[in-house]
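Each chain is listed here by its residues.
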Amino acid sequence: MALVLVSFVLVAASVIWRRTAGVEQAAELRALRLRRAQLEARKAQLESDIRRISSRGVLLPIVERRLDMHVPNDTQVVILTRAPGAR
Amino acid sequence: MPRLTRIALVHGALALFALALVVRAGQVQLFQRAQWAARAERQHFASSTVPAPRGSIYDVRGAPLAMSREMTRLSVAPREVASPKALEKALSRLGVPRSGVARATDTHRAWVPLPGSYLPSDVQDVVSLRGVYAEPVEERVYTERAATRRVVGWVDDRDGERRGGGGLELALDSLLSGIDGRTTLARDSRGRKLDQAEDAEVEPVAGASVTLTINQELQEISQRALAQAIERTRADGGDIVIIDPHDGGIRAMASERVGDRSFGSPVISEPFEPGSTVKPLFASALLQRNLARPTDTVKTENGVYTVEGRTIRDEHPAPELSLADVIKYSSNVGMVKFVSRMSARDEFETLRDFGFGMPTGIALPGEAAGVLREPARWSRQSAASLAMGYEVSVTPLQLAIAYAAVANGGELLQPGLVQEIRGSDGKVVYEHERRVVRRVMTPEVAEKVRKMLMGVVKEGTAKSAALVNYTLGGKTGTARRVDPGHGYSGTYTASFVGLFPAENPEYVILVKVDGPRETIYGATAAAPVLKIVLEAAIASRDAALDRSSLASHAALVSMRDAPRPEYADTVEYAEPVVAPARSAGDAPPVRFDLPVAAHDSAGSGPAAPRAVPDVRGLPVRLAVRELHRAGFHVRLSGLGMASGTSPEAGVQAAPGSVVRLVSSR
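Chains as they are written, first to last, in this note's numbering: chain C, 1 to 87; chain G, 1001 to 1665.
Worth flagging that the hints you see were computed from the coordinates, not collected in a lab. Treat the numbers as computed from the prediction; the structure is a model and nothing was measured. Be aware that one or more of the hints could be misleading.
[Said to hold, decoys possible] Example chain G residues on the side facing chain C (calculated, C-beta under 10 Å, incomplete): (1) Pro1064; (2) Met1067; (3) Met1071; (4) Pro1136; (5) Val1141; (6) Glu1217; (7) Arg1224; (8) Leu1467; (9) Tyr1470; (10) Lys1531; (11) Glu1535; (12) Ala1536; (13) Ser1540; (14) Arg1547.
For each residue, glycine too, the CB sits at the ideal point set by N, CA and C.
Generate the whole structure from the sequences, applying the supplied hints.
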């Protein structure tokens, strides 16, 4: 009888330990998922900022004002093409 | 009572109790099993929806226009807050308005949701405080909102469910939103959800990603040019549409309305009377039906002609004009007389065949059909009115796609806004294909009309749009605007539709300016805008132009004949240079003009040799700049710090000769 009781306690303890460990790992996994989501959100934010700041709408007025640059007219643009086979 | 009887009674009671337990256990286990199992399931587990990530929207080059990201929404239970001071500080650092902070620490309130959403990394400190609850929410992020908001649209939050509210977000909502998943979470003794390591029972299916035909660079160029034009002409608004005439793909679709913050897309939803821009379409019909040749002439009555009791006037009066000149100078009298060779039915069918009066079928909500009445409903003056672009209304997109037929050799195409849709598994579920609606003219007729349009830019009403190195064809339009309920008002719609480059167009560009006040004409209000857009597009590497094809179309024009830029005194121009083909099979020669720094612009003869500057020890970038400033071409050899030049510093060399810059690594 005592052996049965001890076995029962051991089995029950191992089940509880397994469940506790499972819940802990799940919490850790969730924290990692959350961290990944945070980093992805941050990355998206930074990429969005880079795109916004490097867009024509933002950049053009600044370079026109501060660097005295301008959009070239068509005669000021040289298009070079590569001959076939050229490296 | 004898002792034995009492014991028997107790034993009997215990036996009965045990029996009752066994019976109840049997009842619970055998007869009520399902009911109790369901109850236990409800108490121990909770079903939870796993939202599907909404698909992204990209431009034709793959630059994201709309994306979703996970943000955090905060709520506070003020009565649970242990340290109000710490919470106040943390919320202030987060940028929560002062009123929001005050509400969050007001213990008279049980639950305070804070406005806005925050980056998860920003709220880490706040959520660690007692009484603060975080909830993940998906937020839609749009790139360059001003330029693309009318096309891409927006997302609404309806009862916690995010759905497309307008534009493509609405039109493609079922594809973008994906399918939510489901998971089951265990609960603890207090009913709180426990984390679970297993994946969701039903995995969410992410929304499809959509690639548009729109080119973000071109869209921004158009939006900026339009905003400047509206400011310059003090107009009420305007639109620009750019279409690839070979596949019908819309490359840019910009609209601006003064004081209007709506998200609608007027390019497809606001029809207007096109005025003279329909004249080339009638010219094509006349040529197609052999009712006229480009050289045929009509008497244009010195610009004043009365038909059916209505007097028609020309801005450029002439006694007689050919069909080509009627287009070139936009003669109303000439066009009315030429179109009188057609029957009313033919006139109607011409415009109908170009797609007027019916929606194009573009994948955006709210497209207008425009107005094109049947001949049975015409007045006596309708035939003449239509010839001048009145009594018919078209959307900017309809007019642009009609001109695309002239550009591509005569095929009316269905315009496309979506280039490709990919499911979450990466498979292509839709791909834009060139779809011909009908042929509206032969390639020969289309070429003749293109030549007429080139004449408009070269010598006619649209000289202000002309480029120096490239050919451009187009037609201006100036039409009185209709004031709803009051007939024609004193304001105008100025428009210009251009084909670029005219020989083999890559773009069809429509510019429309509504109610300009500084100048009312298409030639002065709209045509210069197109030139600005083209110049910026030519200068941009990402504006969807086939640059090798463009280079072959570049005219060999001396820079001396070109308009001088404002800083012309710092630049002198070499004669055009033609790079010789290396063999008969080589690509066509590259033609270009070379601006050369004008250090000796005062002298008329060849510039004197000068000393190569000493650039040793300078970073390569600065060294190159110094050598360029001294008038030399530079050939780089290595990177890092400049360690020397060949020829050496101080040696006299001819300006324009090549100096090799040697660097440390």
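message: Which constraints among the numbered hints does this structure fail? Numbers only, ascending.
response: none
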